[in-house]
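Colleague: Taken in order, these protein sequences are the chains called A and B. One point on numbering: in this note's numbering, the residue at position 215 of the first sequence is 641, and numbering is uninterrupted. One point on numbering: in this note's numbering, the residue at position 153 of the second sequence is 579, and numbering is uninterrupted.
Errors might be hidden in some of the hints.
Just so you know, same-sequence chains aren't split out, so a pair can sit in one copy or run between any two.
What the hints assert, rightly or not - Pairs of lysine-lysine residues, derived as DSSO-like cross-links and limited to a Cα-Cα distance of at most 30 Å, are as follows:
#1 Lys552 to Lys847
#2 Lys770 to Lys552
#3 Lys926 to Lys472
#4 Lys591 to Lys552
#5 Lys742 to Lys705
#6 Lys898 to Lys735
#7 Lys742 to Lys771
#8 Lys771 to Lys735
These aren't lab readings, by the way, just hints derived from the structure by calculation. Only a predicted model underlies this, so the values are computations on that prediction, with no experimental measurement involved.
Number of protein chains: 2
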Amino acid sequence: MSFTRRAAFTLPVGLYATAAFAAPKKTTTPAAPALERWGLYEISLKGPDTGNPFLDVDLSADFTDGAEVVRVPGFYDGDGDYRIRFSPPKTGTWRWVTKSNVTALDGQTGQAEASAPSNTNHGPVKVTLDGYHFAYADGTPFRQIGTTCYAWAQQSDERCAQTIKTLTGSPYNKLRMCVFPNVAAEPIHPFVQTGTGDRDWDGTRFNPAYFRRFESRVKSLLDIGVEADIIIFHPYDEKRGFSDQNRVHDERYLRYLIARLSAFRNVWWSAANEYDDIKTKSMADWDHILELLQSEDPHHRLRSIHNIKVLYDNNKPWITHASVQNGTAVLDDRTAETYRSVWKKPVIFDEVCYEGDIALRWGNLSGQEMVMRFWHGHIAGTYVGHSETYTPDKSGADGSWLGKGGTMLGTATPRLAFLKKVMEDGPAPGIDPIDKWWERHVGGKEGRYYLRYFGDQAPAEWAVDLPRNGLKGGEQFRVDVLDTWNMTVTPVEGVFTMAKKDNYNFHDPARPTIKLSGNKWMAVRITRV
Amino acid sequence: MSFTRRAAFTLPVGLYATAAFAAPKKTTTPAAPALERWGLYEISLKGPDTGNPFLDVDLSADFTDGAEVVRVPGFYDGDGDYRIRFSPPKTGTWRWVTKSNVTALDGQTGQAEASAPSNTNHGPVKVTLDGYHFAYADGTPFRQIGTTCYAWAQQSDERCAQTIKTLTGSPYNKLRMCVFPNVAAEPIHPFVQTGTGDRDWDGTRFNPAYFRRFESRVKSLLDIGVEADIIIFHPYDEKRGFSDQNRVHDERYLRYLIARLSAFRNVWWSAANEYDDIKTKSMADWDHILELLQSEDPHHRLRSIHNIKVLYDNNKPWITHASVQNGTAVLDDRTAETYRSVWKKPVIFDEVCYEGDIALRWGNLSGQEMVMRFWHGHIAGTYVGHSETYTPDKSGADGSWLGKGGTMLGTATPRLAFLKKVMEDGPAPGIDPIDKWWERHVGGKEGRYYLRYFGDQAPAEWAVDLPRNGLKGGEQFRVDVLDTWNMTVTPVEGVFTMAKKDNYNFHDPARPTIKLSGNKWMAVRITRV
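Bound-form chain A, shown alone (with noise of 0.2 Å):
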């Protein structure tokens, strides 16, 4: 694969259409080519290499299709290269007009014509109005299975070819990834460096070529259907010092990233990882980062923070969703319940321990436990992140697919498709708790569906109790035995007719129970007929 900006930005048509111009004023020149409504436009044009660009210009681009207009930042991409990159949010006609403070790439025009979007296509991921699950734009859920490779797109060409092979046709749907690298890394800059030292760089430059190889491995990811939660700052390089800069280069950045990255329909914006060991930087300074991914992103991508130890507020008007880490909320369904009832929004288990066989104790994770709390996210009607950190002995010298990916050697993935087709077989967008605040460990639809995991337990037997709201009697289910290691479905026979069994249940009184292996790692799916 090559990082020349072309071979970026000429595959595959129909996600890409691109208007380029040449210098004289006013003479635009759209090149119209496929473009889909969620497919990302490019104006292309020249204006002036001299000076500081980054500090310098100003440009933007107002798009309308007559009804609404938004105003798209623009950047510099090096070599007199200026671009702004706009995703259609509706099919039809969008015209636009540039604005800038040189007069080269001001008051230029031209329209962009957004056709419906291919098979492929289903938009941007969106927070569901229920509120607490997600559906891409067009309505089809995403059932949210995640996993990290923090560095995976600094990594070389061939160790990213080799990520990616491991994600086509994987559950995971999310990838967590960093701007800036927290592990050994190809050597290229985000910055434009002025020595050798570790702190010779200058915050105003960007290195463009290092933003478009970070944009082509987002890129990839969008061609195998995969969200890329981009982490903007996170505290494991202090020695550069990439992630202490101060308000006013932390601005510029964030401002970069937005009109780089954001007409990329599978953005997500994860303002740190372990923010609150981030020490430059203060609370206020966070609010203020995830305000102004809100109201500068004229492509509303989602946005949350990621902590280590203290939770952020993430009732906050500014967090989409929430992003924690917590090495023991999904042991049970019921602790993971609390954080979706305090916040109200859709809850990501982003880092719950990883699936591996380091020392240290979050990295340690065997299969089975890896699996065990993607099920308990899944019950409480919330979502978790995976992934792996064999050591170098087992994973080849290049390090964990946590650092920097590659392929995987843990046993969880295979289980975490099983519980993705189990998903996609069940409510749109997601499942809710039931009876919560109970101990009920169910999770599912009043009335339609339910799902009861037993985890670690082994019963012999389990009472088919359904919680009464959403039941009048006479309702008709059917039930199936999950294994969810093993990922067999076995139908019970027959339909169980509920009727009321006491203030709070409701069952068949023909055949109150059912039979269960004896195994660990069991569920029961109960669905009406």
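Given the coordinates of chain A, assemble chain B onto it according to the supplied hints.
Modeller: Here is chain B on its own, set in the frame of chain A:
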């Protein structure tokens, strides 16, 4: 006990000080009885008794000690009596001057001399600087062991005397109680009745006798050292609709409560019980109610709101501590801890199901289950509330402790006294979860004090592993085994000298484990020598 106003306000000296004024304007005749810091000082004035004084008369007094000015609202107490109540936050001379739109009440002056508090007066309860616990204003820790008797204050004097007797010497130091009764009560009405129908009452005219009676109950709790967690609205009386008035009426009611009650130092404000079941108020109404309490109460009493299903956003600035209902939050300490971490405020689980024997699931905990919930809350650095719901057959025809107070029939109370003693013997102002977000189940203070509770597990031995933070090796601890049900403390002989065990733990290599009884409800306490 008499409910005339005089009876309520003449005893005991030292808690009350009153200044009574005859009619002639500008002639002040302060009685200047003994007044303590945090005691109650009352100005009595004669004014109009025609028209509707509740609507027509504005009255307040500015109190100043020269350093600060406190504006204190007055209220109408019927029969031409107007009162202004002030609890001095500091010792010294507090000069005051009244303001009113009625000439007879305006421009009165006087002064109050606040002496140092007596031994049993520790001041009002405040949130401690660490943000998670409570202490009286003089710094004495307040170890909350709550209970609830919703409508005890509206029962007969005899029943109330019985309630006070039950509470005296009990572990309970906070009582949740409603202004408006939720169960059968004495035939006295908070508003002036205009007919015999349920809705025949005048929301613009309070019944002073009702509120005098109510405040005498608050006062009787103060006399025995119990905080009064006053529930302002509730959803249990749709028939009469006291909680369903409009905002103008609600504001007047809130101001009346503030003026009458806030000078009692044991008052806490609970905006509602099960606020989300009151269908006539929106979230904006609740915000407004709590913000009004925050801005208008000159004594800044604690403020919370109690839910049924929808948690209030306790991050809001007018909330001093969370008041949570959840049937399962304290089934383990980890879930309980979650609430603390998200709100970063003290958390009281005011409703966790009750000890009792009714058929409804929220009212049939065993004593063991009730006590277990308190211990889990304590390990998590949170607080819990008790009540009893034994059926009338057992508790007499007058109903349960939960509804009406009286006597208790349960077995939890002495065990809660034992827990309270453990709390009092522990660090001030309280303990915090240690190595939270891991499966530790340990609360305490790092390096100083550790408490591990086993609940309904029944281990025969336990590895004395202390989480690493706060330890370097060489520290010595003594260990006590607590039987939380049989209320015994058994010291383990000798000391434990800590050394590093692994990445996360310290222990004594010479004695890494201790034997336990194999019984349920055990705990281990580890105290630095």
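Colleague: Does each hint hold? Answer for all of them.
Modeller: Now the hints, each set against the structure:
When the C-alpha separation of Lys552 and Lys847 is checked against a cutoff of 30 Å, the pair qualifies only within one copy, where the shortest distance is 21 Å, while the shortest distance between copies is 52 Å. In this assembly of identical chains, Lys770 and Lys552 lie within 30 Å of each other by CA distance both inside one copy and across copies; the values are 15 Å within and 29 Å between. For a Cα distance limit of 30 Å, the shortest separation of Lys926 from Lys472 qualifies neither inside one copy, at 74 Å, nor across copies, at 64 Å. Only within a single protomer do Lys591 and Lys552 lie at most 30 Å apart by alpha-carbon distance; the minimum there is 26 Å, versus 58 Å between protomers.
In this assembly of identical chains, the alpha carbons of Lys742 and Lys705 lie at most 30 Å apart whether taken from the same copy (22 Å) or from different copies (26 Å). For the homomeric pair Lys898 and Lys735, the shortest alpha-carbon distance between copies (22 Å) is at most 30 Å, but the shortest distance inside one copy (45 Å) is not. Taking the shortest Cα distances, Lys742 and Lys771 sit within 30 Å of each other both inside one copy (11 Å) and across copies (17 Å). With identical chains, the CA atoms of Lys771 and Lys735 are at most 30 Å apart both within one copy (20 Å) and between copies (15 Å).
Violated hints amount to a single one, hint 3; each of the other numbered hints is respected by the structure.
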